[in-house]
Amino acid sequence: MKITVVVAGLLIVLAVLAAWYGQRWIRMRRGGGVSVALRWRPDNPRSSWHLGLGRYEGDEFVWYRVWSLRTGADRVFQRESMQIADRRDPSGTEAYAVPEGSTVLRCESETQEAIEIAMGPGALTGFLSWLESAPPGRRLPRAS
1 MKITVVVAGL
11 LIVLAVLAAW
21 YGQRWIRMRR
31 GGGVSVALRW
41 RPDNPRSSWH
51 LGLGRYEGDE
61 FVWYRVWSLR
71 TGADRVFQRE
81 SMQIADRRDP
91 SGTEAYAVPE
101 GSTVLRCESE
111 TQEAIEIAMG
121 PGALTGFLSW
131 LESAPPGRRL
141 PRAS
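In my numbering, the protein residues as written are 1 to 144.
Read the hints as simulated data drawn from the structure, not as lab findings.
Backbone N, C-alpha and C fix where the C-beta goes; we use that ideal spot for every residue, glycine too.
Keep in mind that a hint or two might mislead.
Said to hold, decoys possible - Derived CB-CB ranges, DEER-like:
1. S133 / L69: 43 to 51 Å
2. P121 / G22: 21 to 29 Å
3. W20 / R41: 22 to 30 Å
4. R70 / S48: 17 to 25 Å
Please take these sequences and the hints and turn them into a complete structure.
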């Protein structure tokens, strides 16, 4: 009897978590999200890649981590302060941790710590277009 109650409780918890993640995933994808891997503190050899979805919201690029209980964005990047410092292909085992066919961009900002962002060819084209499409009079980021 006790085992049945425990199993039923675990199944309810798992169903709630699955519904939460499913709803979050659908909400993010419906808004035009693209698959993006992000790594903050890229100078630290122990930092790892985190999979997520990125979405453009005006002058902001918002990033939602795939496995997170947050209701809002996990990271928000401002277009006007973001610059591309370096561009490279994934090396070694990191090719398994980023979306297929990814290019890794090292981005620096005046207001936030440096990050590396990895995205596939289609997402990369959209990201670069978004960065370069700043309204007239704004400083454009340098691409290398």
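These are the hints, each one checked on the structure:
1. The beta-carbon spacing between S133 and L69, approximately 33 Å, falls outside the hinted interval of 43 to 51 Å.
2. In this structure the supplied range 21 to 29 Å holds for P121 paired with G22, their Cβ-Cβ distance being about 28 Å.
3. W20 and R41 have their C-beta atoms about 28 Å apart, which keeps the hinted 22 to 30 Å range intact.
4. Checked against the hint of 17 to 25 Å, the C-beta distance between R70 and S48 comes to roughly 18 Å, which is consistent with it.
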